[in-house]
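> Here are the chains, one letter per residue:
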Amino acid sequence: MSLRSSGVIDSAAVRDMIPLCIPAIPFGLVVGIAISESAMPVAAGQSLSTVVFAGAAQLATVTLAGVASWWAVVVAVAIINARHVMYSAALSPMFVGQPLWVRLIAPMVLVDQQFALMVLYREDDPRAIRRYYLTAGLGFWAVWQLTTALGIVVGPAIPSGLRLGFAPAVMFTGLVVLSVRGSAVPWAAASAALAGALVSAAGVGLRDRAGILLGAIVGVSVGTIVEACREEEAP
Amino acid sequence: MSSLEAWLIVVAAALVTYATRAVGIFVLAERRVPLVIERALRHVGPAVLAALVANIAAGDGGLSPAIDVPEAVALTAAAAVAWWRRNVLWSLGAGLSAFWIAMAVLG
Numbered sequence: 001m002s003l004r005s006s007g008v009i010d011s012a013a014v015r016d017m018i019p020l021c022i023p024a025i026p027f028g029l030v031v032g033i034a035i036s037e038s039a040m041p042v043a044a045g046q047s048l049s050t051v052v053f054a055g056a057a058q059l060a061t062v063t064l065a066g067v068a069s070w071w072a073v074v075v076a077v078a079i080i081n082a083r084h085v086m087y088s089a090a091l092s093p094m095f096v097g098q099p100l101w102v103r104l105i106a107p108m109v110l111v112d113q114q115f116a117l118m119v120l121y122r123e124d125d126p127r128a129i130r131r132y133y134l135t136a137g138l139g140f141w142a143v144w145q146l147t148t149a150l151g152i153v154v155g156p157a158i159p160s161g162l163r164l165g166f167a168p169a170v171m172f173t174g175l176v177v178l179s180v181r182g183s184a185v186p187w188a189a190a191s192a193a194l195a196g197a198l199v200s201a202a203g204v205g206l207r208d209r210a211g212i213l214l215g216a217i218v219g220v221s222v223g224t225i226v227e228a229c230r231e232e233e234a235p
Numbered sequence: 001m002s003s004l005e006a007w008l009i010v011v012a013a014a015l016v017t018y019a020t021r022a023v024g025i026f027v028l029a030e031r032r033v034p035l036v037i038e039r040a041l042r043h044v045g046p047a048v049l050a051a052l053v054a055n056i057a058a059g060d061g062g063l064s065p066a067i068d069v070p071e072a073v074a075l076t077a078a079a080a081v082a083w084w085r086r087n088v089l090w091s092l093g094a095g096l097s098a099f100w101i102a103m104a105v106l107g
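Residue numbers (the numbering used here), protein chains in the order written: chain A, 1 to 235; chain B, 1 to 107.
No incorrect hints appear here.
Some chain A residues close to chain B (C-beta under 7 Å, calculated; not the full set): (1) N81; (2) R83; (3) S92; (4) L110; (5) V170; (6) F172; (7) V177; (8) S179; (9) I212.
Label-pair ranges, simulated between beta-carbon atoms: (10) A:L100 with B:S2: 33 to 39 Å; (11) B:R85 with A:P99: 41 to 47 Å; (12) B:E38 with A:G7: 36 to 42 Å; (13) B:W7 with A:L162: 29 to 35 Å; (14) B:V105 with A:A12: 46 to 52 Å; (15) A:A43 with B:V105: 38 to 44 Å.
Just so you know, these hints were derived from the structure itself, not from any lab.
C-beta atoms are modelled at their ideal positions from N, C-alpha and C, and glycine is treated no differently.
Extracted from the complex, chain B is given alone in its bound form (with noise of 0.2 Å):
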């Protein structure tokens, strides 16, 4: 990528982020929102990192090959023990520990 384009998404980012976090602030402050709204955006968090992973897992742009076994056993473990200790770093620990485990096995 360049390094126009990179820069590009920073700014970006940073704007669209800013303006997530100030429409309450700013727009928001003194309306109702619609139930229909505030429904779909609790959503929007399980929605949208769910497709993260299947588009990385599935994906073979660079990014990651297709899914493997290992990769498989990663995120199964990851998600089994963040259901079980309801803690992203013992999901995380979890996960990792199980890919690399799985990788030694599978050689």
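In isolation and in its complexed conformation, chain A is listed as follows (with noise of 0.2 Å):
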């Protein structure tokens, strides 16, 4: 008997993550590549895969790994992920009447486009929903196990002339662009980037790259105030 007609894979969560999975292989690649390139060891690159399984804060990690202390990345991590308490926090209806395991296990695979999918799910049958949720996350979390690995075996074939170290930086400056378009309050978002910014390049001569934080500080509170500002304005 197949998974599959035992109950225990979903398929309408196959069919709904398929689409939403494209887009994460190209970035899983870059993530793999950077690892590849990374000053920390292939293994703990790819274990990040694994368990925290975050494409930005992956690849923050890699980046900063050899150049700022340990504890500093692990706040980089914190803050990139920071986001993940909102789709916690909006998913938590759907967990009230699961089981211990499935509470445990949730969190793991709570990436971006999980809350995407979930966002959209209707049933309100426990076990239809954990059979649902469980089937995308970790589809998405073996396509992302594959991918990175992919770009770490492809990674030192590619010609160093061509600066793939670069990428990441690339990469960083298409999302920062997306999470501002797609805000709700574009100028606030765009005030917090831009403030983010300017002090992060400011501090780029701080010990252990403490820039990145004090830019993400300045910025979240610049937004938050922008954000307040503009309210009080309207009608």
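Both chains are sitting in their own frames, so use the hints and assemble them into the complex.
Below, the structure written as structure tokens:
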């Protein structure tokens, strides 16, 4: 008997997750290539895919490893992943009736794509929810393991003249613009990004890459203040 | 970096990431998050990602040299195409292509 007919795998979840996997594939390759160029041992780099499973945070980790101290890297991971607090809070009603093992596993696969799928999910039955959630989440996880591993394998074969070490900066730039464009309050988000960039660049000489943390704190504060001010002006 | 330090990062990063994803499910489920926190969290993405790019571009700690023309061209192309196409893959492709063309032209 196949897993599918036994009811372990939710075929609707598989169908829904495939389009969302496509953008993750080149991202995973970039992360894998960055691992192959990182000061971090390859086994540790690939383990990040397994136990952290967060693209932007992984990319920051392997880029900063060996340049910043370990705790500065972990602080960077914490602030990059702070958005997950929102995902987790927003999806929490789905986990009220779930057994403990589901609630313990669920956070491990709560990536951006998983959140995008689950906010659209409309079933109420806890059993249906967990089949769908776990099928999609573990599916995303498996695709991520394969693509970052592939990136590690092909990375060393890419000519160094192409300078792919700069690819993470290019990727992050695209993500900044998308996060501003997709924001409900684009002016505030743009202010947050601009302030974060300026403070971080000004603080580039600080020890342990503390400029990144400083930039993040100032950027978030500026964004929040700008949003509050604009709201007061609005009728 | 030492192997111990690398594995310390892996374990700590995993715990921190798990915590951010679990806190809503286990702690916040029945409570209202204050509006100011909700707002601040929304700006974390743009602020921290921009801070990362700026630090990488301005950095000279062996990460990459201080920004030069090809790097500036790459980041500008990536930003413009991300705005235009609203797609991070188009942005990455355009940014890297512009980077390579600029390097080839400037020799």
